[in-house]
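Colleague: Take these sequences, add in the hints, and give me the full structure.
Listed in order, the protein sequences are those of chains A and B.
For the first sequence, our numbering puts the final residue at 315, and the numbers step up evenly by one.
For the second sequence, our numbering puts the final residue at 321, and the numbers step up evenly by one.
Keep in mind the hints are simulated off the structure, nothing from the lab.
Careful, some of the hints might be misleading.
To be verified - With a Cα cut of at most 35 Å, we get these calculated DSBU-like pairs of lysine-lysine:
#, chain 1, residue 1, chain 2, residue 2
1, A, Lys266, B, Lys149
2, B, Lys90, B, Lys133
3, B, Lys149, A, Lys288
4, B, Lys301, B, Lys90
As the list claims (entries may be wrong) - Residues from chain A that keep clear of chain B, each with C-beta distances beyond 10 Å, as calculated:
#, residue
5, Val23
6, Glu44
7, Ser151
8, Lys214
9, Ile273
By construction, the Cβ of each residue, glycine as well, lies at the ideal position given by its N, Cα and C atoms.
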Amino acid sequence: MEDKILISVKNLKKYFSRGKDIVHAVEDVSFNIRRGETLGLVGESGSGKSTVARLIIRLIDTDGGNIIFDGVDITTLSEKALKPFRRRMQIVFQDPASSLNPQMTVGTIIKEQFLIHKLGTKQEQEKWVEELLEKVGIDPSFKDAYPHEFSGGQQQRICIARAIALRSEFIICDEPLSSLDVSIQAQIIKLLEDLQKELGLTYLFISHDLAVVKHLSDSIAVMYLGKLVEFSNKKDLFSNPLHPYTITLLSSVPTIKGEEKEVELKGEPPSPINPPEGCPFNPRCPKKEDICERETPILEEICEGHFVACHIVQR
Amino acid sequence: MDLLLSIDNLNVYFYRSEGVLKAVDGISYNLHKGEVLGIVGESGSGKSVSVLSIVRLLPANGKIVDGSISFDGKDILKLSMNELQDIRGKDIGFVFQDPMSSLNPVITVGQQVMEPLLWHNLCSREEAYKRAKNMLGMVGIPFPEERMKEYPFQFSGGMRQRVMIAIALICNPKLLIADEPTTSLDVTTQAQIIRLLKNMRSELDMSVILITHNLALTSNFCDRLIIMYASNMMETGGTKDVLNTPSHPYTRFLLDAVPDIEVEKELVPIPGTIPDLINPPEGCKFHPRCPMSMDICRTEKPPLFPVGDGHYSACWLCGRE
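Modeller: So this is what it looks like as structure tokens:
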């Protein structure tokens, strides 16, 4: 199975300084993503999800740990050595309007990829742009239009076209649906699914919408305050969540059936500037014991492929 | 139950340089005392405008061109500005989507919670202070007395929304209008805020209108639903009826297009996009995207047909013999 792993992160760490304070944005995060699969990364805002995404594709540098892409450690590669890898990984952001240059036509925005990596002749590049737009469901005759002439859903399609332009294998989707209307969200989900099937893409899908994550992912990682608290395949995580945080998170999701749920999370996530001692979740945890305030639980495999960082569950 | 709000054939137009935009196109509904009504729709469906019209809070280019609004026995459209001011913030409280932009950044939270009481001359300053403190405690803000001295930026998103709710409820309104109150919040915080709204509703015995794009959010809170699309009412009825036996194709699409955490299903995206409201399609506004559309759908706007007890659907399929 090992050779199927495309992305592997080990003990990833990232701290930001804010004045005199240090923000513990990502603390010891490790996981693998297998080729052709989707890892859903969930957690509340400020839990470090997006920072993990930016670390993996080297948009920002790590303060510790390793990122292994297709067997190569890319953690400290120079910008020049990294360039062939840049081609293979892409990101789609939350707000498509602000990630498309308003002064460039959508055709140029996509073509820029080929120019940077010096691919194809002019005619070939034009042809590729048209093929890509067609693939994401935009009429290629609109390639000379500017981003503002498209709706939010269409703009997100253009961002996706740009992300797959270089035949990248790995695509990070960082809350790609949040700014879209519900009827448009389903269209984009469908597009992402179809592209994955057709091109064999590997996704890291970041979202706070657990229903969408459940729909799209093969495995799920749950983050809380910069730490990974649970990691499992989709089925086990949703049918048998183990970490108290995951349990409350799942019970907070409203459903059409609308049954009143028992568990409700009290309080607010603590500040990552002064994270609590021991388990990050202990101030809000209903099952808290003394040990949780003293020792930080380590992510351990409880049953096959199901990892949890919780003293109580591990016992 | 007594009638609190009655809206009849409301038409709201926005006058733009490109033309006239019909933001609300002939909407009628009633709201009873103590009832929770959910208005569900996508952006641009007219759900917010239809509700802001209740207190005539419209932008300068927006105008109520037809219809009547009666709130608590008063004809809203005939009131003077002063009489309206008496209702806004006192009889009707508002909670908006983004608490940060609704709160004044340079005034302490305590002052802002007290303001409606003082503005409406409902009590003395000392009394207002006491009531504000109690209200902040009721909406779940720990150490209300200390936090009253703080400014909005010192509060987290969820806490700011609690402050907004405290401001909206401080005058004991008859109606609370919550316009996407949890859209900018995390799911765990969303659950807390909805629970809070539910508790406050039964405690203060008020009516609530919840505006949202999230159907699942309504299932546990609203008594009745209105589904809006392109300035029109598509379906209305008891929450359970609408969610369990949706009648309008658009409602069915909405339910099929959203993944549900408890149900494994194939997503069916709604084809096409929301129509241009300056040049809307003739007939049923949904017909260009509707797989079941017939000839009549392209020419005539469907009325609301009864499909069950208090359950209506604006679809020609429901009007056929």
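Colleague: So, for every hint listed, does it hold in this structure?
Modeller: Verification of the hints:
no.: 1; hint: Lys266(A) to Lys149(B); in the structure: holds (24 Å)
no.: 2; hint: Lys90(B) to Lys133(B); in the structure: holds (18 Å)
no.: 3; hint: Lys149(B) to Lys288(A); in the structure: holds (33 Å)
no.: 4; hint: Lys301(B) to Lys90(B); in the structure: violated (38 Å)
no.: 5; hint: Val23; in the structure: holds (15 Å)
no.: 6; hint: Glu44; in the structure: violated (4 Å)
no.: 7; hint: Ser151; in the structure: violated (6 Å)
no.: 8; hint: Lys214; in the structure: violated (6 Å)
no.: 9; hint: Ile273; in the structure: holds (13 Å)
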